[in-house]
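Peer 1: So the chains spell out like this:
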Amino acid sequence: MIDPTLAAPLADRLLAMADDELILAHRNSEWAGHGPILEEDIAFANIALDEMGHAAIWYGLRGDITGEDTDRLIFFRSAGHYRNAQIVELPRGDWAFSMLRQYLFDAAESVWLGQLAASDYAPLAQAAAKIATEERYHLRHTSLWLRRLGLGTAESHARLQAALDTLWPYARQLFAPLPGDAALVAAGILPHPAALAHEWHGRARPYLAECGLILPDDAPSRRDIPRTEHTEHLMDLLAVMQSVARLDPTAEW
Amino acid sequence: MLAEADIWRALEAVMDPEIPVVSVVEMGIIRAVAVSAGEVVVTMTPTFSGCPALEVMRRDIAAAVRGLGAARVTVHTVLHPPWSTEWISDAGREKLRRFGLAPPPRFSGDPAGVAFFDLAECPRCGSTRTSLRNAFGPTLCRMIWYCHDCQDAFEQFKAL
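Those protein sequences? They're chains E and Z, same order as listed.
In terms of this note's numbering, the first sequence opens at residue 1 and continues consecutively.
In terms of this note's numbering, the second sequence opens at residue 1 and continues consecutively.
Worth flagging that the hints you see were computed from the coordinates, not collected in a lab.
Incorrect hints may appear among the rest.
Here's a subset of chain Z near chain E, in silico, CB distances under 7 Å, partners left out [to be verified]: (1) Ser49; (2) Ala53; (3) Val75; (4) His80; (5) Pro82; (6) Leu132; (7) Asn134; (8) Cys150; (9) Ala153; (10) Leu160.
So the derived label-pair ranges between C-beta atoms look like this [said to hold, decoys possible]: (11) E/His81 x Z/Gly100: 22 to 32 Å; (12) E/Ile37 x Z/Val21: 29 to 39 Å; (13) E/His81 x Z/Ala5: 33 to 43 Å; (14) E/Ala183 x Z/Asp90: 18 to 28 Å; (15) Z/Cys125 x E/Glu30: 52 to 62 Å; (16) Z/Asp149 x E/Thr153: 54 to 64 Å; (17) E/Ile225 x Z/Pro52: 52 to 62 Å; (18) Z/Thr43 x E/Thr70: 18 to 28 Å; (19) Z/Glu39 x E/Pro169: 53 to 63 Å; (20) E/His34 x Z/Ala71: 22 to 32 Å.
Beta carbons: idealized from backbone N, C-alpha and C, even for Gly.
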């Protein structure tokens, strides 16, 4: 059982993790039927479905604490109550943009999961270990795409570099602590987000360079964005994602 | 009161909905069966977390146990230890092959050491003149390969 004073911070952190996976899964699913080749259409739809499965695990762990129903959380929450990072809600862009975003997310998730597997909160540690077994396929896939695009033609390189220029400043929000995180870190439930960011930089930076990419200026170019703030794109996404469920909120699925 | 052995036997007839020749027992997803006065608890673990067949399996498992006359059946899901394709039985692997799905590559001990893309053997002709076409396939648990002897595609169960 979780210490009652830690329940709310842990529920907040789980919601952030679940929302990241769900919104990214939805964005990725938009490629179904539009992938550059059939194999990629299949691969990216699989990755989207995996992320949705992972979202379901995190929502479930939150529900164990709060008693909330996952479907209600997903389909009947407005944009202002979503806690995903902005990087996952941005429109899918071109293929280079979606691949780069997925790579940055996969690399971040791999660091998160590696550390969460040592959490003192057993359900969190166990879920992280389970999800990590599936995530390896994603990172492998997106890493290959980055090499292909980055070291491919002038056109593919330019598009990937443009994607990095846009996405890099957003990526650090994936490691920004939530207001309640400090208590979870002190209790051994959560790794220190700043240490995670350091590990992620150590892995992502050299790899991006290997793919022929130049990292945008490191100086923070913008203020820290809290997860309570969203771009207008999240509203558009939710309008589509929630439209069917909201036609009849009492329907049984 | 039902015997545990009866329940395991009933579960051997519950097939994976996406691979209807292999049972949930052969897949290694049934972790425990417990019988107490009037209640049966079956503990299962998911294969791939996002697998849409999970809910169907859960329902089929409960129905099979209820079919034995159990008054109350609970299907409990655990994530630990994480499911691995190493838990698919030898009989299950052979059935996969006959179904046309190459069994997953074997690895021992450390799952981090999985040779993800070890050569797959074509389930039709046994050839190893094969190449990976896609690490993702028509379901979360499958990869797509090509056999240069059959000159046709085949699928392999993904190592996890």
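Peer 1: Hint by hint, note whether the structure agrees.
Peer 2: Structure-based check of all given hints:
Among the interface hints, the one on Z/Ser49 holds; its C-beta lies about 3 Å from the nearest C-beta in chain E, closer than the 7 Å criterion. At its closest, the beta carbon of Z/Ala53 sits 12 Å from a beta carbon of chain E; the interface hint therefore is violated under the 7 Å criterion. Proximity of Z/Val75 to chain E is violated relative to the hint, the smallest CB-CB distance being about 15 Å (cut-off 7 Å). Of the supplied interface hints, the one on Z/His80 holds, with its beta-carbon coming within about 4 Å of a beta-carbon of chain E, less than 7 Å.
The beta carbon of Z/Pro82 is positioned within 7 Å of a beta carbon in chain E (closest approach about 4 Å), and the interface hint is therefore held. Annotation: Z/Leu132 was flagged as interfacial toward chain E, and the flag is violated, the nearest CB pair being 11 Å apart, outside 7 Å. At about 4 Å, the closest approach between the beta carbon of Z/Asn134 and any beta carbon in chain E falls short of 7 Å, and the interface hint on this residue holds. Taking 7 Å as the C-beta cut-off, the interface hint given for Z/Cys150 is violated, the closest approach to chain E being about 19 Å.
Of the supplied interface hints, the one on Z/Ala153 is violated, with its beta-carbon coming no nearer than about 11 Å to a beta-carbon of chain E, more than 7 Å. For Z/Leu160, the shortest C-beta to C-beta distance to chain E is roughly 5 Å, which falls under 7 Å, so the interface hint holds. Judged by the Cβ atoms, the range 22 to 32 Å given for E/His81 and Z/Gly100 is violated: they are separated by roughly 47 Å. Checked against the hint of 29 to 39 Å, the C-beta distance between E/Ile37 and Z/Val21 comes to roughly 31 Å, which is consistent with it.
Our hint of 33 to 43 Å for E/His81 and Z/Ala5 is violated, since their Cβ atoms are close to 50 Å apart. For the hinted restraint 18 to 28 Å between E/Ala183 and Z/Asp90, the CB-CB distance of approximately 49 Å leaves it violated. A hinted range of 52 to 62 Å for the beta carbons of Z/Cys125 and E/Glu30 is inconsistent with their spacing of about 39 Å. Checked against the given bound of 54 to 64 Å, the beta carbons of Z/Asp149 and E/Thr153, roughly 34 Å apart, lie outside it.
For the hinted restraint 52 to 62 Å between E/Ile225 and Z/Pro52, the CB-CB distance of approximately 34 Å leaves it violated. At about 21 Å, the CB distance of Z/Thr43 to E/Thr70 agrees with the hint of 18 to 28 Å. At roughly 55 Å, the beta-carbon separation of Z/Glu39 and E/Pro169 lies within the given 53 to 63 Å, and the hint holds. Taken as a hint, the range 22 to 32 Å is violated for the pair E/His34 and Z/Ala71, whose Cβ atoms sit roughly 51 Å apart.
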